[in-house]
Amino acid sequence: MTRTLSARRCAWRGLLLDEARHFFGKDAVKALLERMAEHGLNVFHWHLTDDQGWRLDLPGMPELVRFGAMRASSPRPGEDASSDGAPYGPFFYTARDIREIVGFAGALGIRVVPEIDLPGHVRALLAAHPELACEGAEFPREPLCTWGVCEDVLCAGSDEAVDFCGRILEAVCDLFPSEFVHLGGDECPTARWRSCPRCRERIRAEGLPDEAALQGWLTRRLAEKLAARGRRTVVWNEALRRGDLPPSAVVQVWCGNPAAEAAAAARKGHDVVLSPVQETYFTLPEGLPGDPYRYRAWVLENGWTLPADRVRAFDPFSFVPPDLAGRVLGGECCAWSESIHDRAELEYKVLGRLAAFGEALNRPF
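The opening position of the sequence shown corresponds to residue 1 in the working numbering, with each subsequent residue numbered one higher.
Please note that the accuracy of each hint is not assured.
What the hints assert, rightly or not - What follows is a list of derived Cβ distance ranges for each label pair: (1) Tyr348 / Pro87: 21 to 27 Å; (2) Asp159 / Tyr348: 44 to 50 Å; (3) Ser83 / Ala325: 45 to 51 Å; (4) Glu170 / Arg241: 26 to 32 Å; (5) Leu351 / Glu100: 19 to 25 Å.
Said to hold, decoys possible - Below, simulated EDC-like cross-link-like pairs (lysine to aspartate or glutamate); rule was C-alpha separation at most 20 Å, straight line: (6) Lys225 / Asp163; (7) Lys26 / Asp342; (8) Lys225 / Glu206; (9) Lys30 / Glu100; (10) Lys26 / Asp97; (11) Lys225 / Asp159; (12) Lys268 / Asp186; (13) Lys268 / Glu224; (14) Lys26 / Asp323; (15) Lys225 / Glu170; (16) Lys30 / Glu345; (17) Lys26 / Glu100; (18) Lys26 / Glu359; (19) Lys26 / Glu38; (20) Lys225 / Asp323; (21) Lys268 / Asp244; (22) Lys30 / Asp342; (23) Lys225 / Asp244; (24) Lys268 / Asp323.
Since the hints were derived computationally from the structure, they do not count as laboratory data. Cβ coordinates follow ideal geometry from the N, Cα and C atoms, glycine included.
Using the sequences and the accompanying hints, generate a full structural model.
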């Protein structure tokens, strides 16, 4: 376990910004980093790739932004599938932009942790390189234009796909000096793997029990590549359900029973970051009167809100027994952008509760 992020009780005091669904740009990101620093937060988790967009221009891989950084349309505000009919993009960051923002964050005492989501949430990657999909050349060359979980995933039976992901991670390590690289690993369907001859052969050759274990095999391979560069892998908690991970991997808990998931990860020797939906997701409305913005249907159907007082009361250490508390690095709030369309909406939904989150995670020992 490492506590090099900070000497405070919560070593990891983070904010996730999703720019795959909606893109905000350098000025908005820098302003957000300044607010993070004011509130004592020290980890900027930058979600740069997903089904709906690829926002990272990597040297020698021009197809990623040529096909992955623009989609034909987006869902209308507050809806998951109804199209607005408006092309979105191309929006992406160059290597120069990344270095500028990483340097800006570093001067504020903030570490930038990039997330390259693998092997699910990859429709934009597959739009750029359809040969990496189980369907191969038949795959459509555009990112997903709806929200939700996409059945299309990386072909884990393809050596070419595994090697290409290794190249991506090498380039990411060159751009981001962070000790941590997030591989996502959440919401990864296995239907394509069940019908793919290459994936079936991989399962047989590796002696794996089923398709779920194939994700674990792939994640371990990618984590090894990161470890060779001196980096630690971070994954969402679903990835741990798909097989054992290297002991150095950090597990970020967001779904299921957060206490049980965090304890299970800690007992396996993993450091843990807590991001339970109902305590940390700024996807939920704050419940303020006169809120002018829209929220996703599942949020409204559940009737969930996240007022600042609940954010302020968040304690990541309360999710594990005392004997496992040493495995808790801290917590992270999340600004997923399916329902955050521009900078004004981002600031409305995030900044007030960001102050409350800073209070929660900067409590003394």
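Structure versus earlier hints - violations, ascending order = 14, 18, 20
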